[in-house]
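Asks: These protein sequence lines map, in sequence, to chains A, B and C.
The first sequence begins at 93 in our numbering and counts up by one.
The second sequence begins at 429 in our numbering and counts up by one.
The third sequence begins at 28 in our numbering and counts up by one.
Since the hints were derived computationally from the structure, they do not count as laboratory data.
Warning: the hint list may mix true and false statements.
Unchecked claim - Simulated crosslink set (DSSO-like; lysine-lysine; CA at most 30 Å straight-line): (1) 217/A <-> 597/B; (2) 256/A <-> 225/C; (3) 224/C <-> 259/A.
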Amino acid sequence: MTFIAIIITYVFINNFILNQFMGMCPFIGVSKDYESAVGMGFAVTFVTSVASLATWCVQHFLLIPFGLTYLQTITFILVIAALVQFVEMVVHKVSPSLYKSLGIFLPLITTNCAVLGIALIAVGKNYNALESFVAGLAAGLGFLLAIVLMSCIRERLADEDIPKAFKGAPIAFITASLMALAFMAFDAALLNNLIG
Amino acid sequence: MIKTVISIALRLMIICLVAAGALAYVNGITAPQVAASKAQAELDALSVINQAGTIGKKVEGDGAGVNYYFPVTDNGTVTNYILSLKSQGYGGDLIILANFKANGEIIDAKLMEDAETPGLGKKAEESWYMNKFKGTGASTPVPVKKTMLAAADADVISGATITFTGVSKALEYGSDFAKKLGGQQ
Amino acid sequence: MIKEFTKGLFKENPIFVIALGLCPTLATSTMVINALGMGAGVIFVLVCSNIFISLLKDFIPDTVRIPAYIVVIAAFVTIVQMVMEAYCPALYAALGVFVPLIVVNCIILGRAEAFANKNKVLPSILDGLGMGIGFTISLTLIALIREVLGSGTITLPGCVITVPGISLAPIRVIAFPAGALLVLGLLRAYFQHRSIKK
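Next comes chain A alone, as it looks inside the complex (with noise of 0.2 Å):
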């Protein structure tokens, strides 16, 4: 598979949030807002992204070579964790005021399924490292771009009459079901027509 194949399938075709439910919790819980929908976005991607690399050398490195493959997903969360805490650790470090706009939301990045569910499918599919690497990148680009759509349509909502049944969480899953309908009309038909 080549890269652009990937990237289209992953932030397109299976995007992460409108297909595969991936990381709803966040999608939910931090849309309400453009800017700390952004952040939780680029926290993400840039979570996804290294922990699809450090988990494809993880599996290839020491469960493999050990024969260990049944701890897959006891060794793969903890290098999550532990990514997620040291990430933490250097932006605060490195770039306060990058700490400042991404700290919040990095904690709450371990039990994204997003994360733990790109490691597993990259494995999971066979990709080399590269692959994975980008893989995990575009599964973060997806989850950036239905949460950014979302917190824009979220902040117009805010100031609509909607019925009081219908306020906060049940119209937000309304209009993610909308985009989900939007997001039909990118399937496996284009990848082959795109690049054949």
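On the provided structure of chain A, position chains B and C as indicated by the hints.
Replies: Using the frame of chain A, we list chains B and C on its own:
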């Protein structure tokens, strides 16, 4: 200070070790079962789609569309090939097991693994789905477009064109692969 | 004591009221049988991790409690994964990557942090059982609505019921991701409506 750090590290390590030990134990019990049920599922499928003849040794595929194949012999001559084919569906990879005559004609096929939408692409799992492909591949081409099907068949696959394309492309590829093997072991 | 059990079913229902564990809810609700399998896995992991965390609450150092909880949870998830692969391979194939993803289901870590590390074993079991069953009921409800409307069938373990009428012309979009979000949105609106009325 150092003492508490060591104590924390030790406790965390004990938890990790106990967890890993428990998993190794469960894995020891389930791993043979997993392997056995996988082998059984393949054997069942093989016996369903094999008509007559003896199934030979497993041969590695070409790394593209064919995962692996089995030559089928009848009194020492190769008559058929059973191929494990890989393709892309709507929800993910499709794995199809199919029986071809040496001239490329499709005898039978079965969808082994898929992630298709229930009610649409999932229908390809049912046995009648493959009927429209049977007998094609040699004198008549494998139907890879809706227009190549009878109206009733085309109706059934509407709404799940990508699954249909995935299945038919795999079968077409398999048919060509069987032709190329052309009766060789 | 019985309150610890029933709160997860209604008052603090994880999906409709607290809104935790949404990814598996949406992704595995295409068929009733998948929802039941997912629910069973979550109940098992939730009860076991609650038991162990309440037993180990004095052993686990407070500063590293989250990683310790994650290890315990991941161990039970892997057990579920291995047992499911060995004895229900069809279900394992249908749930796919969402079985290992039970690890990051916020309900489980949430209950460990909010309940099991402060309470004794028995209340923790009841809490885990209640939350797990509440999760399963909600998940199955969504799956039932989606499967009946989206493909006109009800797939139970061992049998498939075809709903007359709908199965000929199902509302196919309900079976797709967009339909999952729509059904969940409408159900959430209904629960919100009920709580406003009270």
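Asks: Would you mind marking each hint as holding or not holding in the structure?
Replies: Comparing the hints with the structure gives:
1. Proximity of residue 217/A to residue 597/B is assessed by CA-CA distance (about 21 Å); at most 30 Å being required, the pair is judged to hold.
2. For the suggested pair residue 256/A and residue 225/C, the alpha carbons sit about 13 Å apart, so the restraint of at most 30 Å is met.
3. Restraint check: the Cα-Cα separation between residue 224/C and residue 259/A comes to about 14 Å, which is no more than 30 Å; the hinted pair holds.
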